[in-house]
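Asker: Given these sequences and hints, build the entire structure.
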Amino acid sequence: AVGTIGALALHKVLVYYPHLFNVKARTILLQFPIGSCLCMGLRLLAKVLYDTVVIGGTRQKVFIYGVHEGGEALAHSIMTDKDKVYYLAGFVTDDQKYVGHRMMGVKVYMNDENLVDVMKDLGAEILFVSPLKNERLRKDHSMLLEMVRNDIKVMIRTSDKEWDGKSPLDKQQLHKVQVEDLLAREQI
Numbered sequence: 358a359v360g361t362i363g364a365l366a367l368h369k370v371l372v373y374y375p376h377l378f379n380v381k382a383r384t385i386l387l388q389f390p391i392g393s394c395l396c397m398g399l400r401l402l403a404k405v406l407y408d409t410v411v412i413g414g415t416r417q418k419v420f421i422y423g424v425h426e427g428g429e430a431l432a433h434s435i436m437t438d439k440d441k442v443y444y445l446a447g448f449v450t451d452d453q454k455y456v457g458h459r460m461m462g463v464k465v466y467m468n469d470e471n472l473v474d475v476m477k478d479l480g481a482e483i484l485f486v487s488p489l490k491n492e493r494l495r496k497d498h499s500m501l502l503e504m505v506r507n508d509i510k511v512m513i514r515t516s517d518k519e520w521d522g523k524s525p526l527d528k529q530q531l532h533k534v535q536v537e538d539l540l541a542r543e544q545i
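If you read the sequence shown in this note's numbering, its first letter stands for residue 358, the second for the next number, and so on.
If you're looking for bench data, these hints aren't it; they were derived computationally from the structure.
Here a beta-carbon is modelled for each residue, glycine too, at the ideal position from N, C-alpha and C.
Heads up, a few of these hints could be off.
[Stated by the list, open to error] Pairs of lysine-lysine residues, derived as BS3-like cross-links and limited to a Cα-Cα distance of at most 25 Å, are as follows: (1) 496 to 454; (2) 454 to 477; (3) 439 to 404; (4) 369 to 381; (5) 404 to 418; (6) 496 to 477; (7) 441 to 464; (8) 464 to 454.
[Stated by the list, open to error] Ranges of calculated distance between the beta carbons of each label pair, as one might list FRET restraints: (9) 461 to 365: 37 to 47 Å; (10) 382 to 480: 45 to 55 Å; (11) 359 to 394: 18 to 28 Å; (12) 458 to 372: 51 to 61 Å; (13) 392 to 425: 41 to 51 Å; (14) 388 to 452: 43 to 53 Å; (15) 457 to 495: 20 to 30 Å; (16) 366 to 457: 45 to 55 Å.
Answerer: Structure (structure tokens):
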């Protein structure tokens, strides 16, 4: 409403006092969209620079193992966390059809022998495991051993109760992998 009133007032001034402003209407019509685009572009550039230089340099970079609901919930938790402890650097999948795609602004990588090298190149220190991938992690000890050998922490959700697939996940529900987490038996 204020913008409309301002535009009408400017129009009246230009129409009734053209000698004060020797500006043509088409110049104004061109300057407004160009100026608006420049302002939005500068704001976006400032946000990207701030996220990568200031925040990205101080937060721990993480990968998330899982690209479905559990992985998305973890990523959402990381991105909306007010403490900004973690920085999402990538997703890991076992499904070739997702590899190379972007999800929530980061690239999806294949769970293969090159994964540790990719994580090291991007500076990732932690692998969060989606609750939907806990069983797969228990069966694939080679992946876990490779992470441990290369000083990459693996964090999984506590198994005190099953994740329903709908409730939010947050970083407080994750802990470093313990031997008990990998045993395929019920806890007493």
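Asker: All the hints need checking, so say for each whether the structure fits it.
Answerer: Hints, verified against the model:
Restraint check for residue 496 and residue 454: satisfied, since their Cα atoms lie roughly 22 Å apart, inside the 25 Å limit. Distance restraint check for residue 454 and residue 477: the Cα-Cα separation of roughly 24 Å lies within the 25 Å cut-off, and the hinted pair is therefore satisfied. Taking the CA atoms of residue 439 and residue 404, the gap is near 16 Å; set against the 25 Å cutoff, the hint holds. For the given pair, residue 369 sits about 14 Å from residue 381 by alpha-carbon distance, which is consistent with the 25 Å threshold.
This hinted pair checks out: residue 404 and residue 418 have alpha carbons roughly 18 Å apart, not beyond 25 Å. A hinted pair counts as satisfied when its Cα atoms are at most 25 Å apart, and residue 496 with residue 477 qualifies at roughly 24 Å. As the CA atoms of residue 441 and residue 464 are separated by approximately 20 Å, the hinted pair is consistent with the 25 Å bound. Between residue 464 and residue 454 the CA atoms are separated by roughly 13 Å; this keeps the pair inside 25 Å, and the hint holds.
For residue 461 and residue 365, the Cβ-Cβ distance of about 42 Å falls inside the hinted range of 37 to 47 Å, so the restraint holds. Between residue 382 and residue 480 the beta carbon distance is about 53 Å. The supplied range of 45 to 55 Å therefore holds. The hinted range of 18 to 28 Å is satisfied by residue 359 and residue 394, whose Cβ atoms lie roughly 21 Å apart. For residue 458 and residue 372, the Cβ-Cβ distance of about 54 Å falls inside the hinted range of 51 to 61 Å, so the restraint holds.
Take residue 392 and residue 425: their Cβ atoms lie about 43 Å apart, and the range 41 to 51 Å holds. Checking the proposed 43 to 53 Å range against residue 388 and residue 452 shows it holds: the Cβ atoms sit about 50 Å from each other. A C-beta distance of roughly 28 Å is found between residue 457 and residue 495, which places it inside the suggested range of 20 to 30 Å. Separated by about 53 Å at the C-beta atoms, residue 366 and residue 457 satisfy the suggested range of 45 to 55 Å.
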